[in-house]
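S.K.: Sequences and hints are given; from them, build the entire structure.
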Amino acid sequence: MDNVSIIGAMSIIASGLTMAIGSIGSALGEGRALAQALSAIAQQPDETNTITRTLFVGMAMVESTAIYCFVVSMILIFANPFWEYVVSRAGG
Amino acid sequence: MHITPDTLIIFQWGPVSLNGTIFFTWCVMALMVFGSWLITRKLSTETHLSQWQNLIEVLVTGMRDEIRDISNQDPGRYLSFVGTLFLFIAVSNLLGIVPGYKPPTGSFSTTAALALCVFVAVPLYGVSQKGISYFKQYIEPSAFMLPFNIIGEISRTFAMAVRLFGNIMSGTIIAAILLTIAPLIFPVLMQVLGLLIGLIQAYIFAILAMVYIAAATRVQRPKEKEGRQNEKGNLSNG
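Chain order of the listed sequences is C and A.
Numbering-wise (the working numbering), the first sequence opens with residue 3 and increments by one.
Numbering-wise (the working numbering), the second sequence opens with residue 7 and increments by one.
Quick caveat, the hints were computed from the structure, so don't treat them as lab data.
Here a beta-carbon is modelled for each residue, glycine too, at the ideal position from N, C-alpha and C.
A hint or two may mislead.
What follows is a list of derived Cβ distance ranges for each label pair [what the hints assert, rightly or not]:
hint	chain 1	residue 1	chain 2	residue 2	range
1	A	202	C	49	21 to 29 Å
2	A	49	C	14	55 to 63 Å
3	C	12	A	13	20 to 28 Å
4	A	49	C	23	48 to 56 Å
5	C	49	A	14	41 to 49 Å
M.R.: What follows is the structure in structure tokens.
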């Protein structure tokens, strides 16, 4: 394999791995948070508004790591700096 | 495929080019300003009011209640900033149902600008509320924590920007990918999910901004509580 195809293949593999490994943690965390919030709502239905709001905000916080992974994998696929460097070297 | 509306050139005039982000931001601004001008032109205080006035009243009352719940303060000072953030993000996400429209929040420039507004507004509110002693919270619990506090401040700004950008961009990209795989019904469902996510993200952005501002303006509350307890005590004594 020449350099170009190595870089292309590695970018795609790395972006897939980023997404796969990176989403595990936040998925588990969000699941736990949701389960806890549901049982809290079941115990105290009066506090539903507060619990839901805190749940949303907390979930957004937890989710941000997965979003970072998503952005990194999108960069690797669509706006890969190494790929562009190699292409510009090959072209110019 | 355009990942962000930054790369979409709407209008090219010599060296000046107008990209999709700026254009659609202007559209949203024009829509909101013109719409609210149109609605608030003839407000009525009677029992019969137009449905648009009802909508705006529901929105503003809801935002005031949320802000009061979070900050335990009078919402008037924060309503203009946090409410504008929420309305702008919500409108620019929800307009995604219009064909040909690309949400400007799907561009990192827009979200970074919004997050920078929050980054600047938090110390401003803090200083205006507590004076110079606001900056004391950066060296708490000890002066060694100063760099970490500053890093925390910057990283949460970055997280806000990336969170909004990632969510909206992922909605756009998933719709585009599904269009090539299963073009008939399925993209519509994902579009609906995208609308929901857009609204939730607008809510979260505004709530987070409000939480940060509330954290920056908080510290006098224990004193107030003491004062209230004293008042109560006095009342019960008298």
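S.K.: Check each numbered hint against the structure and report the violated ones by number, ascending.
M.R.: Those not satisfied: there are none.
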